[in-house]
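J.: Here is how the chains run, residue by residue.
Protein chains: 4
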Amino acid sequence: MSLANGRSHLAIPGPSIMPDRVLQAMHQPAPNIYEGALVELTAGLVPDLKWVAGTEHHVAMYISNGHGVWEAALANTVAPGEKVLVPSCGRFGHGWAEFATRMGIEVELIDFGKRAPMDLEVVGRALEADKDHKIKAVLATHVDTSSSVLNDIPALRKLIDDLGHPAMLWADCVASMGCDRFEMDAWGVDLAITASQKGLMTPPGMAFIFFSPKAQAAREGMKMVSPHWDWNARAFPQMFYEFFGGTAPTHHLFALREALNMMREEGLESIWKRHDVLARALWAAADVWGQDGPMELNIADPACRSRAVTSLRLESPNATALRDWVSANAGVTLGIGLGMVEMGDPAWHGFFRVGHMGHLNAHGMMGVIGVMEAGLQALQIPHTGGAVAAAAGVIAKG
Amino acid sequence: MSLANGRSHLAIPGPSIMPDRVLQAMHQPAPNIYEGALVELTAGLVPDLKWVAGTEHHVAMYISNGHGVWEAALANTVAPGEKVLVPSCGRFGHGWAEFATRMGIEVELIDFGKRAPMDLEVVGRALEADKDHKIKAVLATHVDTSSSVLNDIPALRKLIDDLGHPAMLWADCVASMGCDRFEMDAWGVDLAITASQKGLMTPPGMAFIFFSPKAQAAREGMKMVSPHWDWNARAFPQMFYEFFGGTAPTHHLFALREALNMMREEGLESIWKRHDVLARALWAAADVWGQDGPMELNIADPACRSRAVTSLRLESPNATALRDWVSANAGVTLGIGLGMVEMGDPAWHGFFRVGHMGHLNAHGMMGVIGVMEAGLQALQIPHTGGAVAAAAGVIAKG
Amino acid sequence: MSLANGRSHLAIPGPSIMPDRVLQAMHQPAPNIYEGALVELTAGLVPDLKWVAGTEHHVAMYISNGHGVWEAALANTVAPGEKVLVPSCGRFGHGWAEFATRMGIEVELIDFGKRAPMDLEVVGRALEADKDHKIKAVLATHVDTSSSVLNDIPALRKLIDDLGHPAMLWADCVASMGCDRFEMDAWGVDLAITASQKGLMTPPGMAFIFFSPKAQAAREGMKMVSPHWDWNARAFPQMFYEFFGGTAPTHHLFALREALNMMREEGLESIWKRHDVLARALWAAADVWGQDGPMELNIADPACRSRAVTSLRLESPNATALRDWVSANAGVTLGIGLGMVEMGDPAWHGFFRVGHMGHLNAHGMMGVIGVMEAGLQALQIPHTGGAVAAAAGVIAKG
Amino acid sequence: MSLANGRSHLAIPGPSIMPDRVLQAMHQPAPNIYEGALVELTAGLVPDLKWVAGTEHHVAMYISNGHGVWEAALANTVAPGEKVLVPSCGRFGHGWAEFATRMGIEVELIDFGKRAPMDLEVVGRALEADKDHKIKAVLATHVDTSSSVLNDIPALRKLIDDLGHPAMLWADCVASMGCDRFEMDAWGVDLAITASQKGLMTPPGMAFIFFSPKAQAAREGMKMVSPHWDWNARAFPQMFYEFFGGTAPTHHLFALREALNMMREEGLESIWKRHDVLARALWAAADVWGQDGPMELNIADPACRSRAVTSLRLESPNATALRDWVSANAGVTLGIGLGMVEMGDPAWHGFFRVGHMGHLNAHGMMGVIGVMEAGLQALQIPHTGGAVAAAAGVIAKG
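Chains as they are written, first to last, in the UniProt record's numbering: chain R, 1 to 398; chain S, 1 to 398; chain L, 1 to 398; chain B, 1 to 398.
One should not assume that every hint holds.
Put simply, identical chains are the same to the list, so a pair is met inside one copy or across any two.
Claimed, not checked - Within a straight-line C-alpha distance of at most 20 Å, the following computed SDA-like cross-link-like pairs (lysine to any residue) qualify:
(1) K158 <-> K223
(2) K158 <-> D130
(3) K158 <-> G104
(4) K223 <-> E82
(5) K214 <-> E265
(6) K397 <-> I381
(7) K131 <-> D20
(8) K83 <-> Q377
(9) K397 <-> N5
(10) K214 <-> L23
(11) K397 <-> S2
(12) K273 <-> A390
None of these hints come from the bench; they were simulated from the model.
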């Protein structure tokens, strides 16, 4: 007998739960790709994507995952031999830095560990040390999907401005866009990337670069940009096929259109607020569980936590045991503790993550918290009672 | 902002949650209805349906809802002027009795109210009073979807046998089949009805009569049976079209096939056990909530409660307020309190039901309980704390 | 190697090709059946169904196939012992007559064979002979799905009126509605039945009775009407559940809503015209094929042929051979020659039917005609050339 | 009234018709991307993709369209400043050459026009002239989607071998794979590319590079390969995420799995044969139409025509008029005449293409031919009769 039989709930930090409306939108015949409805649909995505990112500037769409647009962003604006600064707060800053390095770009990486946001003083010192302004861009991670840290992008902008440094400010918003508040133009971000499969509620396979005039100036200064990555045709197409440098990803376009319809209907402020309440419900439960036991939120300061994903610690092998228990007994898939320690390390089984991004409501979140409570009881992992009621209290206040 | 945005959860007592596999199975072209795959598929449903009902005897399939097979069962075996005994424990026994009455059948209805199963002593007295054995069938409701009472069918069988009464024993299993344990042959049931949209996890539109040789003998004794309802062609078809007396319900057959595949994979004992644990989780929560507050399970004795649906009381207008709150704020649809008082009665808003039938797992159930907790807090309805943890404890024990 | 691999084309006379939009509409979670969107959707079907039938009067919806509403129509208005007149022109008139007989109704059946519409003179004589007006209704088949004959309903109305006979005029429009022109009120029809799976482009499982005040008067005169069939609650519901006498067929309602949306978008006159052209394309091909060979349209006079289905003759065993060839080699399923001779009769393999109803366009029809041409060549069945070009000529003229 | 209402038929050269099974496979919840079924499914694609390509060597999968893997192939094996030879026979050879040029690679392009395959003598002279073997690869187009020319890849291999030139032989099989016979290893191809949306019957969004040990040696000799394009991780992954350099395209994987299941069931030889017969049916019709009229196949020699797509000429503005007519009146979308003249050129309306790739059967093809015949008649474009019967004759012979 398994209490997992029923509708499964995916609580990993991406891909998120695909809405029925989105899956339905993909369930249709292939369209004409030369003229007609698809052409209009695609053009109509542009303003809505920019609305999600909070920008009046430009967007280039790619058939890609998030890592692909790490490369695309660099390929358009930073030549081999040029330099970027990467403050890393988990796994994904390191990843972007590795991409840059492999592309022949000079990288200064500052490692802020896995439990805290970037320290702006340290970043400031690095920028000040860059007297001849070799640093072309600061590659910030808005939310690191591994540590679930949330960085203060506006503060970073202010720092760069205060120091009079000309570097572009970039933000990796793969995990955050459509979940945590992000306002590209208001925050002075020059380039932001994201992908389809998290807050945008569309299957993985599309990714996006939003870029400002300053980033475009950098693009114009490049001697060579690979034809596939070149955002000029994509962001400023003369012909329909230029949007995607060849055949358009027809069924993803159907899906994304519907997902953006849903986001328009709900409104960005409402979406952000919903993610905020649901995340705080989980945190409230975790705080209670951990009062007398090993459960611990990876990021201590709530102001520095993402509302899209939460990274937790639960003494090895308890984290893996809990993940396994809720999967086998409750139909919930929790995320592995990515990037905290190496996979072979015995400590690896002491970390896990809960994705709470995209198409998630109070029922889905309370179900996850409820079965975590059941798992803690079943596995006899020490924890304080009252956690689910505390979470319900957050939901009740809204 | 609404915390309801996300995947909705339907917790009404039918239709139940349609599994993705079932919906997918319906999403296909219309088939040939004269030969080929559909013919084999349909014939293959028969043994699996009989397995679900626990019978080696016969099944007739109808394009119908559950009320339709109330009529079909009577039309095949009880002529106008003949008599049936109906012990009613909620709304649906009355409904079957009304059908019989309108068909010209004499009905003796015993009303056991809305909070208790039938009292076998009282039923026994009615049978004993029927000296000349006019009562042709006892129309029992296995589970009454309104009151959520579960009747003890084997005990009723024993009573009839002990009294030496020749009446057939019928069971309305619309709400119970595939949820609460039911074993037609082992329990000596002569005729059982059910429908597709509850434990069978198929959209409403099909219904079934299972019948024993004794019921078939009654059929053979009928002078006139309407051609549509006549189960002879349906249960013993010579040609494919006779299964449904005309065009087969092609897409429902696809759906039902997949639902039965799922049930075969899980196993009946596992299905019943899963329903049992999930129901007891809800009851545990309700017991805690009600320790110091108005929440009350409609059926006091757990042994007399269905594992498919639970009827609750929550002082008007709190029940409706709670239903409205979880719908608007959490994405959960709870069932109205059907059949307890008239809809115009102010007390109507003091009843509700939770459906926990079919494609439901621990995540879905704990999500419902969690948002009910949130709703009680938000609406400041008095309740004792610790309810969700108590429910989790039931899940934890499995 | 098979040239059948690819998208199959179903050319049987029902179920017809299910539109993608309709299948998509069914692919969604079960809804609340007590309140909300489903309630509004269902009420909204009523005016659209009446628009399709050409009536301002009433409609009752049933979870049923077409044969079910044969019984329902009789159960509501004709008591055992009363009499109906059934002019039959194929298989289905006989079927309705058999239903009536088994319900204890007196039936006068006039058999017009399988290749011609009813002869109004003969019908007239039967009505004239009914001096004391025992005939309560004339049960006409608008289109007989087996013979593909189309009867002239307005002329039958005129006949009844001219003779001053008070009998109701009924029409079986299962095969014709939404394909062949039908205007219930303008034509003076008192009761019409149809089902979901042909012109209405919805999977089998719903059926409909449209009825006039005169039919309703007959209903009111009935002493007993079975609760399930009683159209009073269905056509004049006080509560939502009364539309279907219990649980509504949720997913069929989604499907039917979308199919009616499509019909509204196209318009009835356009739908009828499209069916007319497509049918004439097939007839043009068949006329050429048959100039020098065994292919023959079952109904000689084009004015008496349905635009929904065409019955053809092709010397046994050629009809079956052709059906088998296009199925195995071209991905097309043609209909068997239902009701022309008994299935065991060797002549049975000399009849087949082509369904061209519902969601069919020029591509689909020309594909069928094209592969029939290929089959005739492959099987070396004598036929005259130029048939497909003749069909194309009909399409070209539009 | 429009005879286009019904199931649309897409006859463009990609995306091809998506099979119902493929669309259904995409209609499911997002999976866990760290472990479980998706991991196994993905690994299982590798042998099946290699089977389709006819290779025992390697495959790298990309989230991309076909143009993306043009870049990926070059990025893995040809450094800026190195040289490739590109024999072009339509539009797409030019395209690949442009990509190479923009990547800093030296390109020798030989333009064979738009109506003929490459002339091996001319290619041979270019290779002979390359005394110091600067040409690292010959970038051949197996089928050019614009001209529909089919090149003789084995003959090109023999030429290179006979000349003792060490250049790799590459083949662009985007249009041909799964349609025209292609046997990578047997033909001595070192690198082949294709994409998901044509013969592989999967929505656009995935593309593939198949490569031999010789190509891998070239990869190993590269100083720098961009991290995203690097096929080493993709073809030889240590961790699941390396298959796609980050998040896997979950729903495309579901789709591709099902499409490959279908291909396995049918068998490659049967698939190629089916495409061959269907293409010859169209050619037979075009030959007849053009006997006395402007219709003309773009490639005169049948041995040099693709079985996936056919390019046709029909005196401007007739080609566009015919495309528009069948779209508006018959539900068929034909392909524009890509790459023959500039879009602004008045001659542009004299070209069109018919896609006959992937999930296509005799019904679909004969439907296209039938409505083209209707269009020619309706538009009074001169043509000889008997074309559709000629096509049917090809189908009949199989």
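J.: All hints are to be evaluated individually against the structure, with a verdict given for each.
T.: Verification of the hints:
no.	hint	verdict
1	K158 <-> K223	neither (31 Å within a copy, 39 Å between copies)
2	K158 <-> D130	within (17 Å within a copy, 58 Å between copies)
3	K158 <-> G104	neither (29 Å within a copy, 39 Å between copies)
4	K223 <-> E82	both (13 Å within a copy, 18 Å between copies)
5	K214 <-> E265	neither (32 Å within a copy, 49 Å between copies)
6	K397 <-> I381	between (29 Å within a copy, 14 Å between copies)
7	K131 <-> D20	neither (53 Å within a copy, 60 Å between copies)
8	K83 <-> Q377	neither (52 Å within a copy, 55 Å between copies)
9	K397 <-> N5	between (32 Å within a copy, 16 Å between copies)
10	K214 <-> L23	neither (37 Å within a copy, 42 Å between copies)
11	K397 <-> S2	between (34 Å within a copy, 12 Å between copies)
12	K273 <-> A390	within (19 Å within a copy, 30 Å between copies)
This entry does not satisfy hints 1, 3, 5, 7, 8, 10, going by the numbered hints stated previously.
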